[in-house]
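*Asks:* What follows is each chain in one-letter form.
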Amino acid sequence: MLLGLLGAAQTGTNPIREFLEGVKPEAVPGWAVALTAIGIGVGITVAVISVIAMFGTWLERKVSGHIQCRYGPMRAGWHGWLQPIADGVKLLLKEDLVPKGADRVLYVIAPALVLASVLAAMAVYPLAPGFFFADIDLGIFFILAMTSTTTIGVVMAGWSSNSKWSLYGSMREAAQVVAYEIPLGLSLLVPILVAGTFNLLEVSQAQAGFFGLNWYVWPWVNPFMLPAFVLFFIAILAETKRAPFDLPEAESELVAGFMTEYSGIRWSFFFMEEYAAMYLYSVVGAFFFFGGFESPLTWAAIEAFGDGSVMHQVAAGTTLVVKGFAGVFLMMWLRWTLPRVRIDQVMTLGYKYLTPLALVCVLGAGLWELFLAPVLPWRQG
Amino acid sequence: MVEAKTVETQTLPQSAPGEREFMLDVRTQDMEVNMGPQHPATHGVMRILVRADGEVCTGAQPHLGYLHRCAEKIGENVEWLQYLPYTDRYDYLAAMNNNLGYSMAVEKLMGIEIPRRALMIRTICAELNRIGSHLIAFGTYGLDIGAFTPFLYMFREREWMMALFEKICGARLTYSYIRIGGVFNDAPPGWLSEVERFCDTFEQKWQEYVDLLMVNHIFVQRTANIGVISRAMALDFGLTGPMLRGSGVDWDLRRDMPYELYAEIWKDGVFSIPLGRGEHGTLGDCWDRSYVRVMEMIESIKIVRWCLGAITPGPVIADIPKTLRVPAGEAYVGIENPRGELGHYVVSDGGKVAVRCRVRGPSFTNLAVLEELMPGALLADAVAIIGSTDIVVGETDR
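Chains as they are written, first to last, in this note's numbering: chain A, 76 to 456; chain B, 64 to 461.
Treat each hint with caution, since some may be false.
Unchecked claim - Here are some, though not all, of the chain B residues that point toward chain A, as calculated from beta-carbon distances under 10 Å:
#1 103
#2 439
#3 442
#4 444
Just so you know, these hints were derived from the structure itself, not from any lab. Note that beta-carbon positions come from the ideal geometry of N, C-alpha and C, so glycine has one too.
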């Protein structure tokens with residue numbers, strides 16, 4: 076995982092490295108600069124993930140609270156904004172428990188592996204148009220590959236816990252993720268077909284202009300895009316183990332699923348992964364369907380301060396965070412509204428409906444791109 | 064703890080002769096999973112030993128007794144009136160109904176005439192408590208299916224119901240309000256009009272629950288055709304209450320063995336008895352049982368409204384001595400609890416203490432059908448089935 080992160084950080088251009096190259100004294104060797112750049116990149120990624128996950132847990136509690144006619148956390152700070160920090164400290168101080176009969180090595184590695192997968196995926200996440208760690212051409216491919224390795228960690232956790240509930244949870248996770256990787260990848264192929272690139276930054280640029288009318292989600296760009304987005308959204312719900320597909324941790328059936336035996340900071344790793352993955356997938360959705368960095372705020376910043384200015388970067392970064400959390404909010408809203416589906420229904424939905432529909436979308440979008448896109452006036456230029 | 068009786072194992076599928084050796088190599092073993100005593104889906108401290116082949120249950124055996132508090136034996140050692148608070152504690156979600164059942168059994172032995180206002184208040188309280196109990200039943204059922212929010216919405220209305228009871232008797236869960244001979248005290252001023260307001264609000268909120276959960280597509284998919292109890296099976300197992308009516312058997316003690324004011328209320332055509340109709344699947348599935356509970360809530364509101372319209376001032380308790388001496392004899396009174404027929408069988412030898420105090424708890428009898436329903440269900444369905452039996456462990460164990 077770390078190797079993947081390192082690899083991603085070394086390929087392509089990297090503004091941190093470029094900056095360091097510019098200011099380094101003659102005596103410092105080139106590899107030291109590369110290593111420092113990687114270190115800074117990893118540090119920032121971890122920090123960003125932690126903040127996002129913490130905000131995610133707070134948001135979840137507030138959203139669920141307000142949906143359920145209550146307030147959620149209110150005591151720690153203004154409207155409980157310090158609650159995640161208090162929780163984090165509590166979890167850090169908890170006893171480090173490994174259940175009797177557990178496979179100790181796997182049990183300890185599993186949460187780290189789960190978190191590392193989403194950290195690695197974060198390497199290609201551009202914070203702003205001019206601020207990223209790895210601008211690789213296979214950006215979305217890398218994200219999908221890295222996040223799908225979460226399953227290995229979850230299965231490890233379930234198997235090593237020496238608990239039947241954990242085993243059930245991890246088996247469900249494996250079945251579910253395998254079933255939903257396919258529609259997820261296929262539904263993302265539709266915008267990739269239109270954009271002609273796997274690179275997140277280039278996809279965002281391709282949707283620029285015309286005040287958001289070029290966003291890929293609009294039917295005039297490609298009518299198969301909206302169904303593809305719906306499929307994508309359902310698939311990411313299943314991928315991130317969110318309701319109504321939260322079977323791996325179904326609390327009324329499997330106690331806490333694969334997390335049953337975990338406690339303290341290890342347990343919180345699973346949680347951080349969940350919220351970070353939710354955010355990451357939402358951002359992917361924003362990039363491929365909702366214009367990425369494009370928003371009125373970004374246009375205003377470009378107008379006032381110029382393209383590529385610091386304010387433009389800040390505005391674009393903020394836009395992305397807002398879009399990402401809008402997706403996260405939608406996922407939370409669904410979670411606190413819908414009942415859970417059953418495992419056979421999950422499988423039926425994934426294999427019998429979503430996968431064929433995604434294939435139809437890809438075929439339709441491909442035909443549209445091949446025959447109609449070259450003649451439609453608004454698709455030129 | 065007694066060792067579990069082995070559940071009959073599923074026989075291995077017959078294989079073709081050529082596959083025989085291969086099949087022996089990959090023979091699987093059923094997994095025994097302990098659901099409970101601490102498990103979110105058992106609604107209390109009950110243990111269900113589930114034998115599962117992967118996600119499919121091949122057998123299940125409920126183990127009771129974790130909440131046994133010798134209620135019946137206590138009833139044979141304390142005075143008649145002193146036993147009343149213990150009745151609160153078997154079905155703690157419907158304490159008013161438990162009080163009512165026990166009081167009626169003793170009153171039947173003593174032959175007391177209950178004042179009409181007391182009967183009215185008793186009926187209001189019992190029906191409000193039925194609403195509260197069904198709210199919990201339906202809410203926790205949603206929770207079992209995975210919908211968290213409707214549960215808390217239902218708690219909001221139940222909270223009001225409990226506040227009403229707090230105003231009338233000071234307690235929120237274990238009321239001991241319905242006494243032998245009537246009720247403990249008269250309703251405080253303004254209480255009856257607040258009940259009226261509760262009814263108005265509840266009718267609106269009830270529609271919300273139906274829209275949010277009852278007809279929710281995922282909820283229907285999860286509960287329709289699951290845990291089907293046929294008419295014959297329901298009768299064979301002696302099921303009562305919504306479990307029985309969910310299977311389409313038209314039997315409600317409030318109409319068929321009327322007690323207190325129910326004969327009068329039924330004659331006035333105030334309420335009807337909702338029955339499972341197999342609307343979304345087979346008759347007698349989990350959805351039908353939930354449907355019966357949800358519809359009963361609104362029927363209870365109608366009964367409460369009738370009582371509010373007919374109530375007149377007067378005494379609320381018959382003139383009974385502080386220390387009861389119940390004439391020798393025996394009496395059985397069955398009432399329609401939210402979960403089914405709650406029977407009290409009391410025997411007196413004319414003294415201050417009962418000779419026998421037997422309780423027939425509906426949860427206990429309804430639980431028996433679980434073993435029959437579980438084989439073949441998925442693990443998630445098992446939770447749905449347990450939830451649909453709507454047991455209160457305090458009552459199964461007593």
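*Asks:* Of the hints given before, which are not true for this structure?
*Replies:* 2
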